[in-house]
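Work out the full structure: start from the sequences and follow the hints.
Chains E and V are the protein sequences, given in the same order. Every letter in the first sequence is one number past the one before it in my numbering, and letter 445, counting from 1, is 445. Every letter in the second sequence is one number past the one before it in my numbering, and letter 76, counting from 1, is 76.
The reader is advised that the hints may include incorrect statements.
Said to hold, decoys possible - Dumping the calculated SDA-like pairs for lysine to any residue here, alpha-carbon to alpha-carbon at most 20 Å: (1) E:K405 to V:V77; (2) V:K14 to E:P407; (3) V:K268 to V:G326; (4) E:K477 to V:L48; (5) E:K477 to V:M98.
Think of the hints as simulated: they come from the structure by calculation, not from any bench.
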Amino acid sequence: MATLSDTRRARPSVNPLHYLSGRSLIFGLMFIVLGVVLVLLLVAVRMSFMDSMTKEFTWANYTDLYGDSFVFTALKNTLGFSAVAIFVSLLFATPIAFFAERTTLPGRGLIFPMMLITTLIPGFFGAMGWLLMFHPRIGMMNKWAIQLIPGIDGPIFNVVSVVGMGIITGLGLTSLAFIMMAGSFRAMDPALEESAQIHGMGLMRRLRRISFPLVWPGILAAGLYVATIALASFDVPAFIGLSNRIFTFSTMMFLMANPEVDAPRFGIIGASSVAMIFIALFLSWWYFSVIRRSHRYTVVTGKNYRPKLIRLNKRWIALGWSIVSVKILFSFAIPLLMLVWASLLPFFEPISAEAIGKVTLDNYRLIPWSVLGGPLKNTLILTFTVPTVLVIIGLAISWIVVRSKAPGVWAVDTVAFLPHAVPNLIFATSMLYVGLFWIPNWIPFHGTIWILVAVFVIARVSFPTRVYNAALLQIHKELDEAGYIFGLGTIRVLWRVTTPLLMPTILYSWIWMALLAYRELTLAAFLSSSENVTLPMYIFSIFNSDRPVAAALSVVLLVVMLPLIVSYFIWTRRRGQLAT
Amino acid sequence: MINAEQVLKVFHTKENDVVALDRVDLQVDEGEFFVLLGPSGSGKTTLLRCVGGLEDPDGGEIHLGGDLVYSGNTNVVVPPELRRVGMVFQSYAIWPHMTVADNVGLPLKEGNMKVPRDQVDAKVKRALELVGLQDLGPRPAPLLSGGQQQRVALARALAVEPRVLLMDEPLSNLDARLREEVRAEIKNLAKQMGLTVLYVTHDQEEAMDLADRIAVMHLGRILQLGSSEELYMNPVEPRVAQFFGEMNWVKGEMGDAGVVNTSFGAMKATTNSAIASGSKVRVGVRPEHVELVPGQGAAADGLSFPAEILSQTFLGDRRTFTVKLGDTILTARGDPEVSISGAVTVRIQPNRASCFADDGSVD
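Here it is, written out as structure tokens:
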């Protein structure tokens, strides 16, 4: 037990390593993790100035962004692809949010949970399903059109295009855009509309002149958020664009990092990363200024108050549910149907009477369970290790930001936010560089599951931090202080007082992060080697060579995931914890 | 037991710097019940938290029981968990995920103030008995009423047998009846156990009841320090006087030889510091010291003045009067059985009229 005479220490507000045990551990962990975040970003910068072959300083990579036609085309495609994705997602999300939050649409309470659930469906799911529907050569809809509609002898739908890929991605991102928008729709001040109504404005005019301008910041913010994700989206361009030589930023980077010949072209990777970091940071900055401005339009009241709901007649009700159904159909139901169908046939062909006769469960039986052992093990390691590590890191960083009263915690908060703003694959490519050139060979890292664990953790640091920041603010600091006064040190207070009170939040965040790790493809793909293949990566690798088995595996993946997601939502709903 | 010297604490906000403690000196003896009294923002809670270690001052020195726990000069900061104090927080700070017994027992089981395992249960039981909650040991903390939570907080602080007990406005969240009850219990327990208590409140009656000595604080400074009688009878400045009970203020100009020229005549008053002739002053008189004599027998002796009763109110144990002298309105307090109205003579004894320089601090 320490006595007072041996506690001469330096002034805490200058030196964060005040206490040689608890606090220094927590601060140390934070410095290591956030240090890695910063280092990886700086590595990208370093790479951008480096000639891939000679490692000498050069500006050439930046000029290649424009000069190299392959790179330039990919970046151009990315802009077009993202624009379509943003447009489609807002096109669906805005009316769905409107119907869910501002009207009397029957059953609208189901919309939010449905959207929340669909955010967890892996992106490549929709990609695969859509490919099977709308591929120019093998797509079912095209084959049906040729067979059934006279005068058509060529494909009419082509999903293998920038626009096609954009549409699928946009449909997938609709859920996310909806969740962002729902909040601002809900928080509208009814008095602003009522005053217009009292003074003679009809419904349509009110919607146009009052309601829409008020939610516009929310829509814009959702659009910016979706843009950040769409720019670096990998799932759809990987499954659809890659083998058809249509590249976007993410698949271009993938090719540079895993080339068939030569070494990875780190120079271009670096330059593209830096360009993308700037764009992403700009979008984030814009997003925050929109959010800040939009707070002028919301009402801050403690009471239970809802904006006035618009009554719908039968036609409008039908319209509302049609839009929701189309979204669910095309982003979930139809791809699922296609994948189930594809998994039941030896060779993929359109649904027809004779095809039904060929249905078989062979693809499920033929799943190479022995080969799958590795990917299964890797996926399980990721699913269980990553969220656990993230909980600990998230607690440490949130404690520092909310409780520690150390100077400069705004910097900690900002750096912790970077992995959210910056496309995750940049961390993967930088980590690749670090693994190849910095870490000595005798440390098992590059090409193992541990490099994946590291990248998964770094890429997702923002999520637990933000969630625990909010949760910690709810816990009265005097509960901690009572602990300190009565003799408990920093770690002991965290363990005995803070963590038990945070337990519901910790549990639900753990499960969410576990689901995200389970379905993650992008990071696994960029750093994959023969040893660290995960289940999604395995599906990706056999999709073109053995489509039926890939389909069967995806169905199994989803079947395992869905009950977990649904029971998780029932559980959090009951505890009133539905937060994003 | 508590020795604070020149304690300085500044809070830095975006707009400006707020001096919460302006080089405060404080000494609390062992076994003393010491109260810090003042309005919000006076620094009393900040001082308490500095003594406990929950805030780090920006200068000065603090000793607890002879041990140095803070020194701005030699950069010594002892963290709160090593200071061996107990504290009752304003919000009680009872840990909601534990039972009553676990709340009281945790500091005894873990941390710097732990005791041998076999003593824990006995100490918890004794502490709960002291506050009258001996049957509530297994109850989960959130299922308690406010008053019960308050008692658990008290039990937790008593169980560790601290050398100093810190209390931060512990009664302000209780309803009036409960407040008096718990106040009496705290007073008894402190006396019984010979505790050294540093107590913060804004309630002057609470302070006068509980304290051996009171320090009246305002904007980070101690205005006056003493027993409740000293502070009530001999306030050194208007703010202190105003803080304790009601006070009538009469504005005037300082004359010669302890006489103040007011709108209703020359008045004899006592000053506790020299005030130059001609300077603006205000004289404070407690309502109970405004004597009322029916009839107009005023003599020009500096003590009695003609006046008129504007209104009177019967309040059960006393009667209050609104009295007009010249331009001035005073409140007087008298025997409830005697009703007075109309023209009267007001008499104020000079030793009950405290004269202060008028620095505009009180209106």
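Query - Hints the structure fails to honour - result: none
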